[in-house]
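Residue numbers (the UniProt record's numbering), protein chains in the order written: chain A, 1 to 371; chain B, 1 to 371.
The set of hints was computed from the structure by calculation and includes no laboratory data.
It should be emphasised that the depicted structure is a prediction, and the values quoted were computed from it without experimental measurement.
Do not take every clue at face value.
One copy or two, it doesn't matter: identical chains are merged, so the pair holds either way.
Straight-line alpha carbon distances no greater than 27 angstroms define the calculated DSS-like cross-link-like pairs of lysine-lysine that follow [claimed, not checked]:
(1) K319 to K288
(2) K288 to K40
(3) K113 to K303
(4) K138 to K186
(5) K303 to K319
(6) K191 to K40
(7) K116 to K319
(8) K173 to K288
(9) K113 to K274
(10) K301 to K191
(11) K120 to K186
(12) K40 to K138
There are 2 protein chains.
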Amino acid sequence: MLENITSPTLLVDQSKVNRNVQRMADRALRHNLTLRPHFKTHQSGEVGEWVRSFGVNSITVTSLRMAREFAQCGWEDITIAMPLNPRELPGIGELAQQVYLSVFLVDPETAGKLSKEIAKQIGYFIELDAGYGRSGVKIENLNLIAAIIEAAGNHHCRGFYVHSGHTYEAGDKQEIDQIHEGLMRKIANLKSGLSRLAGTHPSGPVRTRLAQTFEFAIGDTPACSTQESFNHITSIGPGNFVYYDLVQAGLGACSTDDIAVCLAAPVVQVLPHKNQAIVHAGWVQLGKDRLPDGTHGRVVKLKEDGSWSASLADCVVLKLSQEHGTLQLTTEVLQELSPGDLLGILPVHACATVHGMRATGEQLIIAAPGD
Amino acid sequence: MLENITSPTLLVDQSKVNRNVQRMADRALRHNLTLRPHFKTHQSGEVGEWVRSFGVNSITVTSLRMAREFAQCGWEDITIAMPLNPRELPGIGELAQQVYLSVFLVDPETAGKLSKEIAKQIGYFIELDAGYGRSGVKIENLNLIAAIIEAAGNHHCRGFYVHSGHTYEAGDKQEIDQIHEGLMRKIANLKSGLSRLAGTHPSGPVRTRLAQTFEFAIGDTPACSTQESFNHITSIGPGNFVYYDLVQAGLGACSTDDIAVCLAAPVVQVLPHKNQAIVHAGWVQLGKDRLPDGTHGRVVKLKEDGSWSASLADCVVLKLSQEHGTLQLTTEVLQELSPGDLLGILPVHACATVHGMRATGEQLIIAAPGD
């Protein structure tokens, strides 16, 4: 297979993807959770089909554009995980004719526009901020939650969604545990608060809507991958877990061996006097993320069947420019290296690598070692 | 025009592009330099035509893929500015049947393969490293230069190319001046060395080739934009100058008003309690680069004709995730802001913004204010 690769090429190890999805599906089953995976990481119709084969039938995406792409792939329950952009209401109304579409609401003003401008019932989640500090309603703000539900009229409140993005900044698994446990307490409080409000809210229709059964969803891959206590959580929407990457391995969300994508990078210059090689692989192909040690990836050897070795000791991606990568290698690796050889690079952040490779129009090769 | 924008959209101000290209074309004319612009920044057939209208007829690209794209747009003199990847020799041979293709050589081994595997004469530049420390032959290494020329056989050595990428890390204009002046001295030495070698090299054909007139080319936008002394330099290959960005403005290579691209970002949440707003614009749309102050861009107001204001005081892009951006704004700007409004973002690094937007398949709108 390797001899067909002439330019930077993203290898996807199907058996690792299947293993990663299987593990997450098992975890969901074990805890009675709906798995509604986020498709922003792979953005691939084909990889989406592999995920579907594990019984998944509802998905999360980032944008209306991505929702349209996956609607075309036959997905019928799609949630756009970004506060609703009022400018997209016409497009959302149109797509809602074809699929069961859900959006995120974070304020009564936009909820009111949704109610007024889209007649066909769609679903929505109220996005909650439980400490990440990005988008969403503060999880303690019950009045604002009730105001959104009131303003959204007859659209269907499916529940609440929390993306604890700060688990990505955690130093280790223990810190992820702490963030997750804090969130579980906050969701328990929210649930009591909603029950109380269902009895006391002045508006009859709002009381009825508050009395229904809600979903409580979380989305961050680190918590979804590591936690075993989900309490009131009813669904999970991780994205990165299909491929994982070096950041997730660093957090303990996966092992390095679980990383299911690898960039095949052609060597274009060998610089023995400084133990370096230049490859055709820059931030265009890999993204600009860095590991805590400042490097941009780890180096592996590629095998003829498209699989790859464990990461080579002391071999790192030192620097990236637009399409050049500078690798720092050992004398051992360098002495058998020539221009035209291929090396593999494990990505720091798979989402960025996949997005960058989409823009180059380069080949994506599905490797299924052992098949 | 703004009412047609529903999702993140890259605005290109054609009048600013024309002004930037005119200025660079004037500089080239003034110093008797060939302008061979690098098309990696815009990667657009349409913008390429604007550049062509200034009399440009030879261009630089990063990859064989990009060379193919611009060959399809009718460009006939294309240089691939990356050490030749031996795996691409068949593709290079094929494209060389249609256009005058030039490549970069950095070692005799690959030069020998080129000579052996491609019969039709193509051009090449020897890439030199004059202190950047990335790819290329060390500028002092005359023996290696001669060995490459010998190994490349009858292919046409057009000359030498230096990308002083370290000007991007310069603190200010004075540091760029120092790097450039150092380079001018090194090129003068190289030129004397080549003359000497043309008289003494043991191989007759190599002596003949060394006696010809060579191009001496530089590529970094900071030096190309700011220097007025080019000595032995005969051609310049800047890329970023068509659009410029906040990094270039910080280096003094342009003014903020020269920046010719701006991302129109829909506001999806307003957070008055912390003077922030969330926009649909993340690292997918903007790239992950940061300014020295750690922020990811500056905020402007968009005008109805697609142009934009000067950057708003104390309004910055604080954080980016995949498609969410967190803006830190002033109370003044916030008080008139609602979800569904558009704000403009000036990019830190235009090459990354343009590349990211290519992958989303979002609209690119050519704004030509005043036309």
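Results for each hint:
Taking the shortest Cα distances, K319 and K288 sit within 27 angstroms of each other both inside one copy (10 angstroms) and across copies (15 angstroms). Proximity of K288 and K40 under a CA criterion of 27 angstroms is satisfied in both settings, with 18 angstroms inside one chain copy and 17 angstroms between copies. In the homo-oligomer, the alpha carbons of K113 and K303 lie at most 27 angstroms apart only across protomers (24 angstroms), although the nearest pairing inside one protomer, at 55 angstroms, exceeds that limit. Taking the shortest alpha-carbon separations for K138 and K186, only the intra-copy value of 11 angstroms comes in at or below 27 angstroms, while the best inter-copy value is 61 angstroms.
In this assembly of identical chains, K303 and K319 lie within 27 angstroms of each other by CA distance solely inside one copy; the values are 25 angstroms within and 39 angstroms between copies. Proximity of K191 to K40 under the C-alpha cut-off of 27 angstroms is found in neither arrangement, the shortest distances being 29 angstroms within a copy and 53 angstroms between copies. In this assembly of identical chains, the alpha carbons of K116 and K319 never lie at most 27 angstroms apart, being 52 angstroms within a copy and 33 angstroms across copies at closest. Proximity of K173 to K288 under the C-alpha cut-off of 27 angstroms is found in both arrangements, the shortest distances being 24 angstroms within a copy and 26 angstroms between copies.
Proximity of K113 and K274 under a CA criterion of 27 angstroms is satisfied inter-copy only: 24 angstroms between copies versus 61 angstroms inside one chain copy. In this assembly of identical chains, K301 and K191 lie within 27 angstroms of each other by CA distance neither inside one copy nor across copies; the values are 51 angstroms within and 41 angstroms between. Taking the shortest alpha-carbon separations for K120 and K186, neither the intra-copy value of 33 angstroms nor the inter-copy value of 71 angstroms comes in at or below 27 angstroms. In this assembly of identical chains, K40 and K138 lie within 27 angstroms of each other by CA distance solely inside one copy; the values are 25 angstroms within and 43 angstroms between copies.
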